[in-house]
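Q: Sequence:
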Amino acid sequence: KNIKLTSEQSICLKELKKLKGFDPCLIYGVTGSGKTEVYIRITDHYLSQGKSVLILVPEISLTPQLEERFINRFGNSIGIYHSKQTIKQRTDVWEKARSGDIKIVIGTRSSVLCPLHNLGIIIVDEEHDQSYKQHEGFRFSARDVSIKRAQIEKIPVILGSATPSLQTLKSVQDKKYKQFNLLKRANGSQPPGLIILDINDSKLESGIAKESLDAIESTLGKGKQVLIFINRRGFSPLYECNNCRWIAECRKCDARLVFHHNLNRLVCHRCDSAFGVPTKCPDCSCSDLSLQGSGTERIELFLKEYFSKTIIIRLDHDTTKKKGALEKILNNIHSSKTAILIGTQMLAKGHDFPNVELGVILNSDAGIISPDINSLEKISQLLIQVSGRVGRKNAKGKVLIQTRYPEDKNLRKLRNGDYLDFALNNLKQKKELHHPPFSAVCIVRSTSPLAKHNVNFLEKIALSAGKDMSISAIGPIPSIISKTRGNYRHHLMLQASSKVTLNRLLKKITAATVLWKETKKVKWFFDLDPIDYN
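At position 86 of the sequence shown the residue is numbered 86 (UniProt numbering), and the sequence of numbers has no breaks.
Calculated directly from the structure, the hints in this document are not laboratory data.
One should not assume that every hint holds.
Unchecked claim - The calculated lysine-lysine pairs, modelled on BS3-like cross-linking and capped at a C-alpha distance of 30 Å, are:
1. 178 with 203
2. 393 with 252
3. 452 with 523
4. 452 with 224
5. 428 with 328
6. 252 with 133
Input sequences plus hints: build the corresponding full structure.
A: Quick look at the structure:
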């Protein structure tokens, strides 16, 4: 159907059409503001000039929704590209893009180098999302590669988000990027109210407070949907002995095992090893063992019993493994008027669920008290993104944030839902502390079957870095998860005032390590612009 643009969308589109050559810009659009419609209109503009368009999304789960919108507008001449496809499917898209048979490619990070013929513009949706960074094998940031590709090809690149990264906001402040704003929801609906729910004196049932259960019941009674967010899959993250406090841990990794009810197994989320569930403690032989904490499975089973007549839909990594499972789940969500949706970050990102009127966030505290220097940025983005799935149609929704830290100043600042104000204050603090993006950081990560080999190797790098007074080195220290797949993990953090200075050092280190005997005893890599400082 022909959607009439809001005044904000019209102004944004008008400015986007003026972009020439390499011209990066941020579309800061609150959730539900109609960024996708702007993407469609600017795509149409470039197609009319005989050019092609590359659109990146952070998750495979977002491709069906975007694909449907684009097919409705442009027909079937669209290529979808992601890692869940067969090699034949991806090769077909790759070759058709190269020949010009398809003009639009929508894909995840692996599509960033797709050789589209006569590429006119690159669009990176949800530019803040951590999924754009590849952590295994060939390591890269698809967002940053998109920007570099646009620079090389002398074309514009659009970064869209309701919760832009601090790195992108700094580039706007430095006048390297333009910024266009969509500050109102396209359909005129009001953003949901964020309510901080103190659970210190609440009795929790499978991690859910009585106040939350009452709100869920009330929302279902109105024929609406409820979204339950818990960023933890499985049934329970802890299996322990109540006598000696033994905890089930992976034999290969320094990681606690997660109980999965469907498998009746204890699973390591680091190496995917699975183990039987012991009925007696291996340390003290006591039979008093219990499961602690809740994951998506436990929440699902509890709510199926508590709301026995309600449709319960779970969306996480475990429920979307089979081919076609994701599409089936999304169809169920859209076809079910009244339902409870349970999920991890997969459920929180970019989806348009028009009938969701209540959101419940169960485990925000992990982000609030995290020692990670990026934790404030991550938790603020997550809370705003989850709340963005709520109240998107007409009625104003609400989001309950369960917490044991109701007086946390940052949580209270986020209550008004103004991410940009919060992020700019966070950026100011980063500048005072000389934290990224006001400095450049690289973490040198090393793994080895023997911990001492990591330490010896990283100490040698630290010694080399110490000769440069413009570089600070912290470490080597064991990683938070100090062992995975039988290998010990250590890291060394290198910080410099600029990327130019840091890159100069990294080139010297790379050349030097070739000659070191310590290098042969470890596997190592540079983690540039790290997302995880642990």
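Q: Okay, which hints does this one fail, numbers in order?
A: 1, 2, 4 and 5
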